[in-house]
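Counting in my numbering, the sequence shown runs from -6 upward without gaps.
Bear in mind the hints are in silico, worked out from the structure with no lab data behind them. Some hints could be false.
To be verified - Pairs of lysine to any residue, SDA-like flavour, derived with a Cα cap of 25 Å:
#1 365 <-> 381
#2 206 <-> 368
#3 206 <-> 230
#4 206 <-> 157
#5 365 <-> 157
#6 365 <-> 323
#7 206 <-> 332
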Amino acid sequence: MIEARHLTKVFDLSPARARRTLDAGPDRARAVREAGGVLAVDDVSFSVERGELFVIMGLSGSGKSTVIRMINRLVVPTTGSVLYDGTDVGGMTPRQLRGLRNERVGMVFQHFALFPHRTVRENAAYGLKARGVPRRERLRRADRALEQVGLGQRGGAYPDEFSGGMQQRVGLARALTTDPDVLIMDEPFSALDPLTRRSMQEQLLELQRDFRKTIIFVTHDLNEAMRLGDRIMVMRDGRTIQLGTGPEIIARPADGYVHDFVSDVDRTRVLTAAAVMRPPWVTAALGEDPAAVLARLERSRARGAYVTAPDGGIAGVATPEALSAAAAERRADLEHCLGGDYTAVPDDTPLVEFCHLTGGHAVPLAVVDRDKRLVGVVPRARVLDAIASAAEDRSEHA
């Protein structure tokens, strides 16, 4: 959906001089610095898929905020391009660019940017007002967005009546009111206290599960990045250091800088069921012959098989005892073999939230996707290995 190609931004030099300076030699940062400029972003490329929550993470001065401002051309790249669904933003007319910003892209800022003299409802509706949407319609949509962020009954209040966390909810509602294709969020929770920040993170994840917006989220907090991001781009000194999923970055840091960054992360809160699961030893479809499934179980030495329905969901568990009885009765399928002695968790569940659920059944913990389809299992040994790895990593850096 969004593709950034070789984005570079030089401040304090004219565009023409900046481009000449960038071509002057291999050490671009030094050349720009000696010319009196600042190389804020240096040859950054990435793509964001539709419905993805993409996190850009880095410390102050890493270039992350400059990158997102180039995404909607609030900052014009010195070189490079940004494409939305294949269309180059740099080739848009001023009218097309306004349409992109007003209708397709919403922004949420760290300091809320609310109008103190307008009610919460009016603040949430402001983007639609700027677009010329009639008052009744924009207030209706604002009320719906406020409901989504848990402020449905507070539309008549003013921002100064709210805490920081509640003000940030208003900022999020304002972005949602315009129903943008893309949400750009620039350190939206960094000014909040830890408890409020976690609450807002949970709110964002819940909204993302419901609406699957394309979100570009900027943060300097690695734990926040790991918790929220489908993928994370780590930046330093204007360059991309590593791009991958949270578990990938933790398992294989690109360099010492990233390694030091991730050393303090609690892996049990980052590693998900999807990251530690494996394929089931034995699965069966409802219509299968019990004797055939029993034979597969005996060969694998598994203590039970997950039986799946036609839609891929879990119909139940078939144990060797139930299969033997069904085979003796010459049953034609597994309908009479099904038991409910199992536990299933969504594939995005953190390890810390399901580690205590393993080991209590004949079959390993089941992992299901958002459509409740079986995608893997987590044996207790996998959980213990992951916890041991996390503890070992922490002890090395104590």
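Hint-by-hint comparison with the structure:
Using a Cα cut-off of 25 Å, the hinted pair residue 365 and residue 381 is violated, with the two alpha carbons roughly 29 Å apart. For the given pair, residue 206 sits about 24 Å from residue 368 by alpha-carbon distance, which is consistent with the 25 Å threshold. For the proposed pair residue 206 and residue 230, the alpha carbon gap of about 29 Å is over 25 Å, so the pair is violated. Proximity of residue 206 to residue 157 is assessed by CA-CA distance (about 24 Å); at most 25 Å being required, the pair is judged to hold.
Distance restraint check for residue 365 and residue 157: the Cα-Cα separation of roughly 37 Å exceeds the 25 Å cut-off, and the hinted pair is therefore not satisfied. A threshold of 25 Å between alpha carbons decides the hint, and for residue 365 with residue 323 the separation of about 31 Å lies outside it, so the pair is violated. For the proposed pair residue 206 and residue 332, the alpha carbon gap of about 38 Å is over 25 Å, so the pair is violated.
Violation of the numbered hints given earlier is confined to hints 1, 3, 5, 6, 7; the remaining hints are satisfied by the structure.
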